[in-house]
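**Q** Here is how the chains run, residue by residue.
There are 2 protein chains.
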Amino acid sequence: MHQVLISDPTLRDGSHAVRHQITFEHMMLYAELAEAAGIPILEVGHGNGLGASSLQLGKSLVSDAHMLIGCREKLVNTKLGIHVIPGFATINKDLKNAIDIGVNVVRVASHCTEADITKCHIEYARERDVEAFGVLMMSHMASATKLLEEAKKMQSYGAQAVILMDSAGAYFPSDVSERITRLVHDLEIPVGFHAHNNLGMAIANSITALESGAVILDGTIRGFGAGAGNAQLELLVAVLERLGYKTGIDLYKLLDAADIAESHFAKVPYVSSTNIVSGLSGVFSGFAKPVERISREFGLDPKDIFFELGRRKVVAGQEDIILEVAVSLSQKSGE
Amino acid sequence: MHQVLISDPTLRDGSHAVRHQITFEHMMLYAELAEAAGIPILEVGHGNGLGASSLQLGKSLVSDAHMLIGCREKLVNTKLGIHVIPGFATINKDLKNAIDIGVNVVRVASHCTEADITKCHIEYARERDVEAFGVLMMSHMASATKLLEEAKKMQSYGAQAVILMDSAGAYFPSDVSERITRLVHDLEIPVGFHAHNNLGMAIANSITALESGAVILDGTIRGFGAGAGNAQLELLVAVLERLGYKTGIDLYKLLDAADIAESHFAKVPYVSSTNIVSGLSGVFSGFAKPVERISREFGLDPKDIFFELGRRKVVAGQEDIILEVAVSLSQKSGE
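For the protein sequence lines, the chains are L and G, in the order given. Sequential numbering from 1 applies to the first sequence in the UniProt record's numbering. Sequential numbering from 1 applies to the second sequence in the UniProt record's numbering.
Treat each hint with caution, since some may be false.
Because identical chains share one entry, a pair is satisfied inside a single copy or across any pair of copies.
[Unchecked claim] Straight-line alpha carbon distances no greater than 30 Å define the calculated BS3-like cross-link-like pairs of lysine-lysine that follow:
no. : residue 1 : residue 2
1   : Lys153    : Lys119
2   : Lys267    : Lys289
3   : Lys253    : Lys332
4   : Lys253    : Lys313
5   : Lys246    : Lys96
6   : Lys267    : Lys253
Just so you know, these hints were derived from the structure itself, not from any lab.
With the rest of the complex left out, here is chain L:
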């Protein structure tokens, strides 16, 4: 049974669940818990990553620099990671500052068919001698062949691993095994998987990814994250132990960390009716909060908005289309 590298985006994907309002104190609390439990990588930031705090996507309560400096001081064995979407994060300002602060792992992400935009950020991270992973978001929207093509680009830019994200929680195990198997077979670098739980498959899909050859998994405490949440980290680690995988994490301390995080800041997600429709429609989980808000404002059923967003095949970053869809649905219902 192989070793699994766990990367924990509780303080990044979890931000989506609270509109990027995690306090500095709670970040410091969680960084201490993560270090104590032996979590290998802790990812920190705005829900949409470095430099994404903005009026459109939501302002972070704590600045990137402030949270990274704080976590840097708390972490010794746990590596400090960031999620970087080129376009939101500039190289000369955001990425340079983050690496200057002491970030260890830079995960450069793009929509699953847009790996070209990750080239300069990945190359810069490698030049600065930090680890660089490539991340393909909303990966259910591309075939295994297309994902392999994009992942190979990331590999050629110097990425040391490639992570497939099921950003909409739309995968079934057979989808995961087809794609991961293909990447593992044809890439020279390790492959990872990042699950969401919209269809209740986050844990099952994560295990399938490992069985298909992946060696990196993402998970957050209590599943704290966008939409129906991520793979629930402490549950994932318990299941992995039972199945004989090694993570290096202290399960008992991790279960306690989950209880503490829940009592302080980690809102426990569940699969709501709109999350189900979001998963069925294959829409980015990060849209849940704005869809709920906008549907309330317009007196619409959020399920109808999600079905329409699915038909339009929107991707992360196109939050403005939610409003457009709401206006169009209101006009229709008023006709």
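With the hints as your guide, set chain G onto chain L.
**A** Chain G in isolation, oriented as in the chain L frame:
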């Protein structure tokens, strides 16, 4: 793709989550929603089934007769089901009354190695011309061979289906496929599966059961049920539709029903740290509430109680052992 028969124990397994205190009004509300969404079977009762309301297991807020008469009046196309554990439910009083009221489906349950005790109840139900299913609880504690032997007994008593319950939420898909495949192959009656979510596998295991030949699945609204909850019904139906199975349920109405049930009475469960340990230890999910209460009283970690209960291989109905374990752990920690 085959038709799946959905049986919904929201008003029975859900009782565990609120210590059997669902109000009559909420039962009537949910019965109306179930009928409107086209749910085939609605199971109603105390968490431990007919006649189980007691000081030791918890008193029901509403009597068996009252809730069954109420639901009988609300249901037309949806069949009225009950969970019957011989020992709690007598034939001459409890079962006779329930059938007189107009129950359609009698699910007679025993611990997975004790099918003998279901004989008289199954035979009585068949004599009275209502449907009778056999239910093997805590089925993870027996091998496929042993389960088949017990299920064959139920078949010989006249059971028209056999349901395997993963009462502790301890199964992985490979466990499910091994057992269900064996039963489907060697029984002449339909096979069903009842999942719990302690290891996050309720939906994945339910699908695996179907792929292994099962044709009956249990699920509750929002997963409302013992411990980490059941397979989440509206999510299960959405996933089944996506995979091409037919349930006859109106998904859109079911999603709305879930929202309404949640806002009125259905507490949404999640996989707590103690639920995880319960699943890992293979302890009955219905123990979650009493374990939490007793661990608070004794100042113990509920995780430690669950691990010890797992070592002692306790089964449902042995709630008194929780106290014994708590006393023994307190004495140890005081030494």
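**Q** Against this structure, judge whether each hint is valid.
**A** Hints, verified against the model:
no.	hint	verdict
1	Lys153 / Lys119	within (8 Å within a copy, 65 Å between copies)
2	Lys267 / Lys289	both (13 Å within a copy, 21 Å between copies)
3	Lys253 / Lys332	between (53 Å within a copy, 22 Å between copies)
4	Lys253 / Lys313	between (41 Å within a copy, 25 Å between copies)
5	Lys246 / Lys96	neither (34 Å within a copy, 54 Å between copies)
6	Lys267 / Lys253	both (19 Å within a copy, 28 Å between copies)
Violation of the numbered hints given earlier is confined to hint 5; every other hint is satisfied by the structure.
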